[in-house]
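There are 2 protein chains.
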Amino acid sequence: MIKSRSIPISNILRKFTQRYASSQALATDLKNIVGNDNVATTASVREQHSHDESYHAGHVPDVVVFAQSTDHVSKIVKYCASKRVPVIPFGTGTGLEGGVTAPKGGVCLDLSRMDKVLSVNAEDFDCTVQAGVTRNALNTYIRDTGLQFPIDPGANASLGGMCATSASGTMAVRYGTMRENVMNLEVVLADGSIIKTAGLKGRSRKTSSGYNLTNLFVGQEGTLGIITEATLKLHAIPEAVLAAVAPFKDLRAAVNATVAIMQSGLPVARIEFLDENMVDACNRFSKLNLDVAPTLFLEFHGSNSNIEAQGRIAEETCKSFECLKFTFATETDRRNELWKARHNVWYAAHALRPGSKGYSTDVCVPISALPDMIQFADNEVKRLQLLGLTIGHVGDGNFHVILIVDPNDFEEIKRVHDFATILAKEALRMNGTITGEHGIGVGKKQLLIDEFGLHGINTMKIIKKALDPLNILNPGKIIDIEKGF
Amino acid sequence: MIKSRSIPISNILRKFTQRYASSQALATDLKNIVGNDNVATTASVREQHSHDESYHAGHVPDVVVFAQSTDHVSKIVKYCASKRVPVIPFGTGTGLEGGVTAPKGGVCLDLSRMDKVLSVNAEDFDCTVQAGVTRNALNTYIRDTGLQFPIDPGANASLGGMCATSASGTMAVRYGTMRENVMNLEVVLADGSIIKTAGLKGRSRKTSSGYNLTNLFVGQEGTLGIITEATLKLHAIPEAVLAAVAPFKDLRAAVNATVAIMQSGLPVARIEFLDENMVDACNRFSKLNLDVAPTLFLEFHGSNSNIEAQGRIAEETCKSFECLKFTFATETDRRNELWKARHNVWYAAHALRPGSKGYSTDVCVPISALPDMIQFADNEVKRLQLLGLTIGHVGDGNFHVILIVDPNDFEEIKRVHDFATILAKEALRMNGTITGEHGIGVGKKQLLIDEFGLHGINTMKIIKKALDPLNILNPGKIIDIEKGF
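Quick note, the sequences are listed as chains S and C, same order.
Just so you know, the first sequence maps onto residues 1 to 485 in our numbering.
Just so you know, the second sequence maps onto residues 1001 to 1485 in our numbering.
It should be emphasised that the hints constitute simulated quantities derived from the structure, not laboratory data.
Quick caveat, the model's predicted, so the values are computed rather than measured.
Check the hints yourself; a few may be wrong.
Stated by the list, open to error - Covered by chain S, according to a simulated footprint, are these stretches of chain C (three or more residues, beta-carbon under 8 Å):
| id | region |
| --- | --- |
| 1 | 1117-1129 |
| 2 | 1438-1447 |
As the list claims (entries may be wrong) - Straight-line Cα separation of at most 25 Å, BS3-like style, residue types lysine-lysine; simulated pairs:
| id | chain 1 | residue 1 | chain 2 | residue 2 |
| --- | --- | --- | --- | --- |
| 3 | C | Lys1201 | S | Lys461 |
| 4 | S | Lys233 | C | Lys1340 |
| 5 | C | Lys1465 | S | Lys287 |
| 6 | S | Lys461 | S | Lys445 |
| 7 | S | Lys445 | C | Lys1201 |
| 8 | C | Lys1465 | S | Lys78 |
| 9 | C | Lys1233 | S | Lys425 |
| 10 | C | Lys1445 | S | Lys201 |
| 11 | S | Lys233 | C | Lys1201 |
| 12 | S | Lys75 | C | Lys1461 |
| 13 | S | Lys465 | C | Lys1461 |
| 14 | C | Lys1461 | S | Lys201 |
| 15 | S | Lys461 | C | Lys1078 |
| 16 | S | Lys78 | C | Lys1461 |
| 17 | C | Lys1425 | S | Lys201 |
| 18 | S | Lys461 | C | Lys1425 |
| 19 | S | Lys461 | C | Lys1233 |
| 20 | C | Lys1465 | S | Lys465 |
To be verified - Derived DEER-like restraints, expressed as beta-carbon distance ranges:
| id | chain 1 | residue 1 | chain 2 | residue 2 | range |
| --- | --- | --- | --- | --- | --- |
| 21 | S | Ala25 | C | Ala1057 | 54 to 62 Å |
| 22 | C | Lys1287 | S | Asn136 | 53 to 61 Å |
| 23 | C | Arg1353 | S | Asp144 | 51 to 59 Å |
| 24 | S | Ile449 | C | Glu1331 | 52 to 60 Å |
| 25 | C | His1455 | S | Asp333 | 23 to 31 Å |
| 26 | S | Asn136 | C | Thr1330 | 40 to 48 Å |
| 27 | S | Thr42 | C | Arg1084 | 51 to 59 Å |
Cβ atoms here follow ideal geometry from the backbone N, Cα and C, with glycine treated the same way.
Use the sequences and the hints to build the structure in full.
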């Protein structure tokens, strides 16, 4: 007994000492590559880089290194490959599936200092940015061009991170997701080599040239390569914008109205559903005075001559589904107030229960299945006695149930897990997907197998193994290479 | 001398006899798999499957096999893998880069008998088809739903083939290319396994679930897998359609007008440029009476209330670039006559020179570079004394110079090659791509290296080698695996 106790303790101590020594050696080597100012090993910086905004358990990296250039990234990856050390790219840490945690330790590669807008081609409606430029920073930079980058996941995420997770958000129903808006990427591969996914200088609107590497690297969550630059489509700021709010007597009426609006072909710019819990949370957090009822937030983009017609069609449709009210928000201030409240739902939901952590489901289904799907979610939240608030990009068939949990209540966390699994499987049964925009991260690896089946997952593994044979790029995310390969 | 002559001749004879014997054995084995009626070895059927519509040299396959089901395709691929025999998928043979030729012999896998529309979900604007369904067949099938599949490469191509080459055409400026319109694919991989690229049952409008396999298989030209089914987005047939024709005094004025229309954000549905040679050929072939001048064909899709406004904006823009005329084609018959003529340009160009073969360039550049690019092409055609006619999907920055050559005049063919290379390199210099919609096939493999550089090409090779380790899937297309890997 004495022996069996003493060995593990000394093992643990030796392991800890080795890990600490190797962390120090890592940091020293990395300082030689990128300079002292770009390497951090303090507990606070490492902790800050150990987690995203979700309830997924954080794991601290051994070192945080701040890249200032693509050359830095290439050298860091080459070094990590030589040492067989994991590299985890980090943008703003606003992800929701644990994509930036470091379960195997290693080097967190923070790209936030790569924050330059490299070019704006207003006449071609495109721009090229470094990976660390945020969505808001880009829109501020280009505000005098009459153009915008409309993809809006809520958080002020980095554009590199948005590429890596295939983000979308409220505007996707009109402007598409990152998949449709990324024209080219600069990527550092697992051996440190640098590629451009759509040609060395390519920024044409379409191409059939070779394999579509761009869309292989959009959504790969840092597991196939580190995105260092992105060429993005820009869109004209609309001449006229009109918003509206429509509360309904029940959720099914609101969702049915959405389905009818989408099927009419109206080019709605945003159409967001909030259940009554969510409206209530918004009222409290954002000091609004909305009717507490299942509600649609709508926005229309167009010309001065057609914007009112768009609004009227939506109004008629909502009224035919017996909405309780249909109120236009014509003034910019009122519109901004509404969308700011919409964007703060994550924080509004957390504010209901101090000290809580949130988890957001992210299923997406064909639009015709949406009423049944949201009703199903509502029933299950009640059955499992969870605090769940529903918010959805319903025009795309995508919605989130934000579950507010006590991070110390393991029984409650288990119910959240059960709910997420039940919901995802129901979405698959309805020809949907387990994630419309958040990605897989650490949270949905098992469900991914349900979605794709063994041959599909095997295809992903073949690609991962071919492009990252040492499994150093964000290991343990999307697919587990060690298990069963 | 005698010895050195006699050995090659006996070698050739032996090789021929071996190849013939192995072809017969292949056919016998394949008949056991798919039945006698689905295997052809006659010279005429093999010749018909040896080439597409381009001037690329045809190479006959050893056997042509007609798959009737995904199960057939899987079994055929498994069999070919066991024998290390190439498998070349074949749709309608309307490609333009030699993608269906069989330079290494092997099995041509004709998918035209997989011609069932499997499902139409009108309320979700999607459908699922077998790979052999043609574009026209689908649109005929769904004509009562109020929906259409608008992607229109001109030829009545199979939808599987359009997925495989990432086709687009005249409507892409409004509705996107295949990349934006394919939601899911069923693919048979090199080992015969069957995957669905966006989940086993997935047909949601967006997804961030795992690697984007769908867009890896769109545009892979049969080199990574055989596409057997496709789930496609459908679009509402517009309430109102308006077409217009605008001849200009010179090509630069016409292209500058296009750039201005695109930059205004007008949601034009088609905007096609024809140079004066092309207009002349259309007049002759399609019995039209157009002014022989650089010309834009335009089309607008919208509602009865906004269609005229769209047309007026385009008219004002064209007039500001001093168009010679601007004539609306409001009647359906006149509109169809124009677009039929547009679709027949390939044949109209060939009719100028009986017995000729055509080659079409396919560069695509950012819209701001388009006037210089088309002018450059025009100058080079004249300098090299070629018969070249220019036609373009200019709203996307994509245009074709159709070169009409005497297939027996090797000196002329060399000049065509030189022209295509010069044009592609100029497009790359202008941040464009060597192919907007035709793909690489056998014709542009060297230029692909110029476009992507060695690390980019190497990434494609890694993926090809990982997914098709025996190099049996359409070998010799897109990239050469044997060379330099």
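Each hint tested on the structure:
1. 1117-1129: holds (count 5)
2. 1438-1447: holds (count 4)
3. C/Lys1201 <-> S/Lys461: holds (20 Å)
4. S/Lys233 <-> C/Lys1340: violated (32 Å)
5. C/Lys1465 <-> S/Lys287: Roughly 58 Å separates the two Cα atoms, so the pair is violated.
6. S/Lys461 <-> S/Lys445: holds (12 Å)
7. S/Lys445 <-> C/Lys1201: Satisfied, since the Cα-Cα distance of roughly 18 Å is no more than 25 Å.
8. C/Lys1465 <-> S/Lys78: holds (23 Å)
9. C/Lys1233 <-> S/Lys425: holds (24 Å)
10. C/Lys1445 <-> S/Lys201: Satisfied, since the Cα-Cα distance of roughly 18 Å is no more than 25 Å.
11. S/Lys233 <-> C/Lys1201: violated (30 Å)
12. S/Lys75 <-> C/Lys1461: Judged against 25 Å, a Cα distance of about 23 Å means the pair holds.
13. S/Lys465 <-> C/Lys1461: Measuring from Cα to Cα gives roughly 14 Å; hence the hint holds.
14. C/Lys1461 <-> S/Lys201: OK: C/Lys1461 and S/Lys201 at ~20 Å, within 25 Å.
15. S/Lys461 <-> C/Lys1078: holds (21 Å)
16. S/Lys78 <-> C/Lys1461: Holds, at roughly 21 Å.
17. C/Lys1425 <-> S/Lys201: Holds, at about 12 Å.
18. S/Lys461 <-> C/Lys1425: With Cα atoms ~36 Å apart, S/Lys461 and C/Lys1425 exceed 25 Å; violated.
19. S/Lys461 <-> C/Lys1233: violated (28 Å)
20. C/Lys1465 <-> S/Lys465: Holds, because 12 Å separates the two Cα atoms, which is no more than 25 Å.
21. S/Ala25 <-> C/Ala1057: 54 to 62 Å: The hint (54 to 62 Å, Cβ to Cβ) holds, given that S/Ala25 and C/Ala1057 are roughly 59 Å apart.
22. C/Lys1287 <-> S/Asn136: 53 to 61 Å: The hinted range 53 to 61 Å holds for C/Lys1287 and S/Asn136, with Cβ atoms some 58 Å apart.
23. C/Arg1353 <-> S/Asp144: 51 to 59 Å: holds (53 Å)
24. S/Ile449 <-> C/Glu1331: 52 to 60 Å: holds (56 Å)
25. C/His1455 <-> S/Asp333: 23 to 31 Å: violated (50 Å)
26. S/Asn136 <-> C/Thr1330: 40 to 48 Å: holds (46 Å)
27. S/Thr42 <-> C/Arg1084: 51 to 59 Å: holds (58 Å)
When held up to the earlier numbered hints, the structure conflicts with 4, 5, 11, 18, 19 and 25 and fits the remainder.
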